[in-house]
Every structure is written in C-alpha cells, then in structure tokens.
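Asks: Spelled out, the chains give:
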Amino acid sequence: MTAFERRLLTQDRGSGLLGKLWRVPWIFVLLLCGLAAIGYVALYSAGGGAPEPYASRHALRFAFGLVMMLGIALVDIRLIAKLSWPGYALGIGLLVLVALHGEVGKGAQRWIELGPIQLQPSELMKIMLVLALAHWFHRASWERVGNVVFLIPPLMAVLLPVGLILRQPNLGTGLITLMIGGAVFWAAGVRWWKFVLVLAAAAAIAPVAYEHLHDYQRARIMVFLDPESDPLGSGYNIIQSKIALGSGGLWGKGFLQGTQGHLNFLPEKQTDFIFTMLAEEFGLVGALGTLLLLAAVVLFALLVALRTRHQYGRLVAVGLGVNAFLYVFVNVGMVTGSIPVGGVPLPLISHGGSAMLTSMLGFGLLMSVFVHRDAEFAASRE
Amino acid sequence: MSKRDEERRRSAFTRRALMLGAGQLGLLGFLGYRLQKLQLQEGERYATLAEENRVSTRLLAPPRGRILDRAGRVVGANELHWRVLLTAEETEDVGATLDTFQHLLPLAEAERARVEREVRRRRRFVPIVVREFLSWEEMARIEVNAPDLPGISVDVGTTRSYPYAEHLAHVIGYVAPPAESDMDEDPLLGLPGIRVGRAGVERFHERTLRGRAGTVEMEVNAVGRVIRELDRREGQRGQEVQVSVDAELQKAVRGRIGEGTSVVVLDARNGEVLAMASQPSFDPNLFSSGISAAQWREWTRSRATPLINKTISGLYAPGSTFKMVVGLAALEAKVLSPADRVPCPGHYDLGDTRFHCWRRTGHGSLDLRQALKQSCDCYFYEAARRTGINRIAAMATRFGLGVDPGIDLPGAKPGLVPTREWRIRQGKPWNIGDTVVHGIGQGFYQLTPLSLATMTARLATGRAVQPHLTHSIDGKLVHGTRAEDWPSLGIPERDLELMREGMWAVVNEAGGTARAAALPAPLGVMAGKTGSVQVRRVTREQRERGYRAEAMPREWRPHALFVAFAPYDTPRYAISVVVEHGLSGAGAAAPLARDVMVDVMNRLRDAPAGPPARLAGQGSPRP
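Going down the list, the protein sequences come from chains A and B.
Going left to right, the first sequence walks through residues 1 to 382 as the UniProt record's numbering numbers them.
Going left to right, the second sequence walks through residues 1 to 623 as the UniProt record's numbering numbers them.
Worth double-checking, as some hints may not be accurate.
With a Cα cut of at most 27 Å, we get these calculated BS3-like pairs of lysine-lysine [unchecked claim]: (1) LYS3/B <-> LYS194/A; (2) LYS251/B <-> LYS413/B; (3) LYS428/B <-> LYS413/B; (4) LYS3/B <-> LYS82/A; (5) LYS20/A <-> LYS82/A.
Here are a few chain B residues that face chain A, going by a calculated C-beta distance under 7 Å [as the list claims (entries may be wrong)]: (6) ASP5; (7) ARG34; (8) ASN221.
In case anyone wonders, no lab produced these hints; they're calculated from the structure.
These numbers were taken from a predicted model, which means no experiment stands behind them.
Note that the Cβ used here is the ideal one computed from N, Cα and C, for glycine as well.
Input sequences plus hints: build the corresponding full structure.
Replies: The following block contains the structure:
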C-alpha cells in the first residue's frame, strides 16, 4: 500500500499542498461555476443576443476570480487571521479615500478608480469587518462575551465603517454592513437581551432618522410602500420589473425572447435587474432554479461554520454566509417588489468587476476556512 | 479558556448558527413564494401589461371619399401637398440645418422658434413639421439640396380641394378640423390633421366619405421608438359620393345671378337637384388650410350671409306662385268648378275691408285657367274664402310646402304653412280676412326656394317626388330615377292638367303675365307662374297717392318669384327662382328662369347622368 493509497483510504488529508487541494470543496466550486454560467447566459441575452459587451467580460472576470479564489483557499487560515486587523484598516482607509476623492455616481461617492477596475470600498469593507470581528471574538470565552465592556471595541469597529458608508450616502449598504456585524455578534454569543435592547432603541429613533434621510431614500421607501403612486418616477423600475418578471410565467418566454428586457422597459437589466431578465426568459422554473443554487451557497457557508473546529473560522463562515445571503435576498427582494430598491447586484450573475472580485474574495476565504477547518490555533497567551 | 467553557461556546454557536440558517432559508423561501405569486398567480395580468408595454397601435387615416358631380367631374378632391419634416437625431446640428433651409425657403422667425422648441421637447427620432403646403417647385428645391440638409425630409399629405370653389360651396360644403361636438366614438377623429365635413354634402355624408381607419401594430421600446411592424390592417377608404348637380350648369347659373338671388333646378321626374345656386357664396378651399379669424368674422357677420345656402334656408312668401295650390284645393273641395267664373273689378270686398287685385282696373269675369294666366288676385281671394285655410294648408303640405323637404343636406328649413290651429296656438284668432290674403300666397307663409321647386315638380308630374342630391354612392344608385318610383299625389289628372294649362298660358299665350319667359322655339315649351311678394305693407294712403314699388328703396321693394317646368308635354325640369327685391316676378324672375332653362336644356338634353368616374386612386401629385 503506497502512501497515496493509504491517504485515500484513511482520508488523511495531510497539510501539504496536495492535501489542501484534496480538501478544496470542489462541489462548491462547481456550484459557483454553475451560477457564473447562468450569469453568462443572462448577460448574453442582456447584450442583445451577443457575448459583447457583457457576457464575455463576465466570463473573463470569473476565470480570473476563480484562480484568485483557489489561491486564497490554500492560504493558511491562521495567516489570514493574523491579517484580519490590517485588512480592516485597509478597508477603512479606502472608505476614507473614497470619501475624499471618490467618483460620484447616483448622487453618492462610492467608487475609486483602480486602474481598469472601479472599486467600491464598501463591498470590501463588509468582508474585512467579518474577519476583524471574528478575530476579536476568536479567543473570547462565553463569560467574556457576556461582558459589556468587552463588546465596546467591536461595536466601534462596526459603527465606524457603517458611519462612513452612510455618509456617502448609501443607506442600503450601510444597513447591510450593520446586519452582517450583528450576525457575527449573534454567532459569537452576545446575549439575547442586548439585541432586544438595541432593536427597541432603533425602533424608537427610526422616525427621527427618517427625517435625516435624503429625499431619494425617502422616495424609495414611500415608493416601496405603494409603487403605483409614482409609476413614471421612482416606481417605474419596480413596476417594470414586476411586469417583466410576472409575464415570464411558468416556463418563460424563451432564451432571447424576453420582450421587456430587450425593449429596454427593464432598467439596468445587466446589473441590478439581471434576475428579472432571467425570470422573464426562463420563467418560474429558471428563477426558482437560480434561487435554489444561491440558497445552496448560503447553506454551504452554514455547513462550513458547523464543521469548523476553531471559533475564528466559524465566525468568518457565518459572517460571509450572511453577506452572501443578504446580496441574494436584497437583490431578488428588490426585483420582486418585496423590499425597497437597494441597488445591490446578484453575486456571480450581475455584470460588474468590483462585485465579482469581492464575491470571489469572500468565497475564497470561506473555502480557506473549510480547507483549514481542523487547524490548531496557537495556544492563547493566557 | 476551559474545556467546559469551550463546550458551552460551541453549543451556543451551533444553536445560533442553525437559527440564523433557518431564518435565511425561510426568507429565501419567502422570495420563492413571491416569485410564484408574480409568475403564476398574477402571471396573466403581467403578461397583458407586458404586451401593452410592447405593442403600440397607430391608426392609418383612410383617404376621404371623393365627391363627383352628375357628369363624373371631381368636385371634392384630395389634393396632395408636400410638407417638410425635420428629424433631430439625423442631423448633428439642428440650427445649421435650419440655417441652410432658410436660404432655400423663407421661414418666419416665429415658425423657426416653434420648430426649435419642438425639437427640444420631443424625442429626437420624432419628425417635426417644419413647413406645410409646399408647392411642387418648393418641394423640388428642397429635394435637390437634400445632401446639404441632414435631418430634413419631405413627405406627402392630403388636403381637400374643391375645383369649383364658390360655385358648389353651398352644395358640397367644406371640411375643417373636428370640433368638440363632432367627436364621436370613431377613433379616427383623434388623428392629427384629420378633417370632417362641416356643411353640405361633406357633412351629410361624413360617415360615408370618411371611411374606416386602418391600424398598424408596432413593437416599440421603452422610449417609444418603433422596432418593427407586427401587424397591419388596412382601413377602408371613404366611399365616393356622386351628386346629381351638374357642376358646369351650376357655374353657368351662378354666372347669371346677383346677390340675394336663389335658383333651384330639379329633375321633375325624380327630384334630383340639378342646380342649386344662391348668392353670395364663399370659397370652401380656404377652410382646408385653415381660415383666418378675420375671414370667418367677415363671413359670419356679413348681412349677405355668404355661408348660408338660401335655397334651403332662405324663407319667403310664395306670392302668386302659390295660386295653383289654392286652385287645386278649391277644385278638390268642389267649391269651384273649372268653368266657374269670378268677377274682378280690381278689388275684392269682404265686409268693410277691401282687398286689391294687382291690376287696379280689374280683369273682368274669369275662370280658373284665365285667372292663373293673368294671376288675378280677386279670383283667388274668392277661391280661398270658399275653400278655407285648412284645406289650402293640407293641399300645400301634399306639395311639399311647409314640411321638412327631406333633402340630403344639413340646414334645410321646413318653412311654414299656416293653419287656423297654428294661429290659435299663437293665441290669436284666425279671421276670414286672413284666409283671403293667404289665397294669393301672402301672409304668414315662409317657404324656401327648394320647396317651391318641389311644388312645381309635383305639379308637373302629379307624384310626390322628393328633392335629393345624392345620385350614387360608390357607383350604386341611391334613389329611384323614374317618376313611377314616387307615390302619386292622389290628385285627379284633370285638375293637374288644368293648372299646367294655366301655367302654359302664363308664358305662351297673349295676355299671360310672363310672355317674356317663353323659350326659344327649338328648345320646346315652358310653363310657369310669376309671383311678387310685398315685403312691406302698402298703406291706403300710399295707394291713393299712386304707389310705385320701383320708387321705393331697394330693401322695401317686393321680391320677385317664378316657378316653371319644361318641356310642357313631357315635363322634365322644374325650376324656382327667387330674386330678393326684384320688383316683379314677370320682370326679374321669369326672364332669369328662361335663361337658366335654356342653359339646362343645352347642357343636359339627352345627357343622362354620367357614369360615376372611375373609382381609381386619389390622383397623383402634379409633376
């Protein structure tokens, strides 16, 4: 029996490069490839039945992202843990940079140009925040987490980027970042009553906060409550999306046969409303199928969290899982008119380099957790 | 960290992670439910909305039906005109294009401002009208310079044109943009540039001439740009209406008449209107391109009422032209026989009221034929007294007087033939003296020239011929063309013959009142009856001082009337002439009637109504 055969039989995964590659969750990689393929098909249609200008670039970015993701998956999770706070600092730095020199789009400063790609630091920040919080709570005992004073630094770590994002202003991403932070707090074992307290306080100040919202943000909320009230203004997107989506029916109008998307009734069909495009052409079957694959990604993150033996990895998995989930929920919720328009892309399917790279970065980290799920962190200094 | 603490932390984590996962899956499930609701439960509704989004239906205006005259001449045509359009997206610089355009064709400052305003307001692919009603020469100038005029295109529109202009205006009418009151359920009326008939045949046959709109279904994108045509349903062109009027005859007749004169010529056998002229008239072509407010004011405020067709809405007392009706009523009531004589000393006394005959010296003793020939008033005073007003009115009604003429023209007035009950309804008594006055066609009568022509045609044929203008629609005859197609009046032929003989004598016998109206021999024989109606009462004082109507101011002079038919043996044409303030029927109306009848015979003798002109296309642009 050779060493290789013994490994196969005993499922000894070793710690060498080969062993790591062996432990890469290839089925998950396959799942991501499937989603990217769906994205290619949808973007091919959004491009008017041609690979240009969206689909081919999408494929290229995914290929690049795939390599990057696998590279990250092989990086030792302990090294990643060490880089958590420097990464967090980088994220904050970029947010400050964008506030000072960012490109203005849709009434907000959100992008910085990094060579050929536009980077939205708020996207990167969400991942960095997860890593930093996971690092903070990694060594915290159950007792320690119960200590209010112990919770103040991580709370500041959440509120600082959230404040910067809200200042852009970008209400949607700000709230999402807050929710991700909350999810990590929750998973780390912060007590129930503290959440109840914060939520109650939030409910109390919500009316005051509403006063300070930008007009377009208020309009989005009002239009969400009654889209038909403004059919040619802010409500137009939601109504047109629902029309396109609903008219798809069970089986859809067929590939490249969607009328609403191709006739431009659908706004931003290659980015925020790509799911609508899919649902129009492939019907409920296609839409639910895509939704199931996305749910599988979220489920995978949960499984990783449960299988991991160190707290850092568990919290990272939960945080990244919630991040992915929120992308899906906000995007699909928006296009179905279930929640206010948020301007959030659909991971791996929407057109856009920044979103693709941050998604792949997140999945790479998730896979690294999985690959190194049994890693032993050095004993605490205690 | 103790092992126990680690255990506790881990189990809490597992519990909380599972709760989080369950929450996430639950929310994703909610999205799945939403999708199902939108795509299955409400799918059909959204499919409809999607189709409405996508498909834009536009109407195609059908060509308006032409109007032809009796001989097949086009009297209401669709003329092509050219208009210049500007499509902003096809030029880089709208201003430069307009500058170049202005070198070729003048464009008023205000017009240019309008064009530039529309360019800003409309979507860039929507063509904007720069100028309309271009001549061929102007159009050519634009086409030749097309390479220097990016964004400019020329297209063809149609306008209604009337080659006979004012000559047929009262018959054909005119078209104008639809008013609020014209709006019916027809979506065609919503089209820009559409015109509807506002008077005459254009209005009466509006639905026939208009046709039905075609539709084009087009796929449009979100900004309304047409992507492709999905379906085209051709409309139905308007039908061609052929009127019985002869345009050349009408023109000739109008050449003979002055202001305030009306002439109606009917085909006595079937009621077809051959000519229908009243002065003054107007040019209906001015309406097609839109008339000025000043022009409209002038027409509507003028006392001469050029827009009014006096042959169907001018009201006059018939005077002596009414005497045949009185005679027939008396014969039917058997209060007079044809041979009965009535003395005429020049006046007729009833109690202490004296009624004068037009001839102060009197006619001596007359029978009915002689009384008609000389238009003796005394005879008909007596005849009316014996017959009674209601029997006269009943007879008048049978001759189409005082009733709706039923003609296919809007605006025709029924007029008025008084009865005893009519007067009582007004709260006034009917005196026997009133009856006497109405025996010579004076009094309350209000009749149109058309109804007098109808009366004459019925006298000539003994049948209730109905005046009408529509000869055929798309080549199909509308009414019967023979006298037999009309019901008999139920008046004994012997009585009618007596009236016709009297009318023959008026024109052709020595002592007749209208000897001057006899036709030239080769054209046959005409029979007629004169009439003169006072428009002001002649007082006794005036009469004693020697009243001379011709010495009065024009608007006080009597109206002159004449009705006639010809040829005498086989009546074919019936005519009525009313000359306002023409002094006397014999002097002004009868000679005019003769001249018109000569025109009619020269033009229409042996000429049947021409075949409807080819129902071909609507003509092509003049090269």
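Asks: Now tell me, hint by hint, if it's right for this structure.
Replies: Going through the hints against the structure:
A hinted pair counts as satisfied when its Cα atoms are at most 27 Å apart, and LYS3/B with LYS194/A qualifies at roughly 26 Å. For the suggested pair LYS251/B and LYS413/B, the alpha carbons sit about 24 Å apart, so the restraint of at most 27 Å is met. Proximity of LYS428/B to LYS413/B is assessed by CA-CA distance (about 24 Å); at most 27 Å being required, the pair is judged to hold. Between LYS3/B and LYS82/A, the direct Cα distance comes to roughly 24 Å. Compliance with the 27 Å bound is thereby established for this hinted pair.
Of the pairs offered as hints, the one joining LYS20/A and LYS82/A holds, with about 20 Å between alpha carbons and a cut-off of 27 Å not exceeded. Because the closest C-beta pair between ASP5/B and chain A is about 5 Å apart, less than 7 Å, the hint holds. For ARG34/B, the interface hint holds, the least distance from its beta-carbon to any beta-carbon of chain A being 4 Å, beneath 7 Å. Using the Cβ-Cβ criterion of 7 Å, the hint placing ASN221/B at the interface with chain A is satisfied: the shortest such distance is roughly 4 Å.
Going down the numbered hints, you'll see the structure goes against none, and every one checks out.
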